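A.B. asks: When the letters of the sequence shown are read in order and numbered with the UniProt record's numbering, they come out as residues 1 to 194.
Hints may be right or wrong, so weigh each one.
Stated by the list, open to error - Distance ranges between label pairs, derived from CB positions:
(1) GLU70 - GLY34: 16 to 24 Å
(2) VAL51 - ASP110: 22 to 30 Å
(3) THR97 - ASP40: 34 to 42 Å
(4) ASP48 - ASP110: 37 to 45 Å
(5) THR97 - HIS65: 33 to 41 Å
(6) THR57 - THR97: 18 to 26 Å
(7) ALA31 - ARG130: 32 to 40 Å
(8) PRO49 - GLY28: 38 to 46 Å
(9) PRO80 - GLY53: 14 to 22 Å
(10) ASP110 - PRO80: 26 to 34 Å
(11) ARG33 - PRO80: 35 to 43 Å
Just so you know, the hints here were simulated from the structure itself, not pulled from any lab data.
Being a predicted model, the structure only gives us computed values, none of them experimental.
We treat Cβ as the ideally placed atom computed from N, Cα and C, and that holds for glycine.
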Amino acid sequence: MWCGRWIAAEAKRTIGIYRRTANYLDPGLRALRGAAADADALREVLADPAVGGFDVTTVLDRPAHEVAEELEGFFADRMPGDLLLVHLSGHGIKNQTGELHFAMTSTKLDRLAASSVTADFLNRQMGASRARSIILCLDCCYAGAFDRGMVPPTASWTAAMPGHRVRRPGRPVLRPRPSGHHCVRRVGVRVRRW
1 MWCGRWIAAE AKRTIGIYRR TANYLDPGLR ALRGAAADAD ALREVLADPA
51 VGGFDVTTVL DRPAHEVAEE LEGFFADRMP GDLLLVHLSG HGIKNQTGEL
101 HFAMTSTKLD RLAASSVTAD FLNRQMGASR ARSIILCLDC CYAGAFDRGM
151 VPPTASWTAA MPGHRVRRPG RPVLRPRPSG HHCVRRVGVR VRRW
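Could you put together the complete structure from these sequences and hints?
C.D. replies: This is how it looks when you write it as structure tokens:
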């Protein structure tokens, strides 16, 4: 009986979540016109059994508290052999101390901490997940700032490498630009599937 549970726990599943925010209530955050088309194309590719075979959950244009709850649930109750993929597309904003926030439809630029999903929150959810393989794709400005909140993989790392923050093995972060950069998309450029 125990052996059966172990095998079931190690059975590999590929599960993905795609979070896209294209429309914002705060007038300081402009709408992202291409995000909807990008979401459809990426979801199609990730779900295609010949390419990714991911069981994809799509979270579109939702307030921060709903996205945070969805992300927490996504990482909970996973098996060590699961392969998780998270793709976040939308505005990335750094606060005064350089911490990255992901803007949601409800985000208010003058109340950023209370109305956005922080990179720290996402990092903590990833760290709490039993899944050993997590791929994080960030399609936003300042995506490189995500590394600021990375948690050391073990307590021994903390003792041996004080002040250093590292990613756990098997958890790559894909992003378009370094920490201090905006992402620019040329008008008229379309997503192409290969």
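A.B. asks: Run through the hints listed earlier and report the numbers of any the structure violates, in increasing order.
C.D. replies: Failing hints, ascending: 2, 5, 6 and 10.
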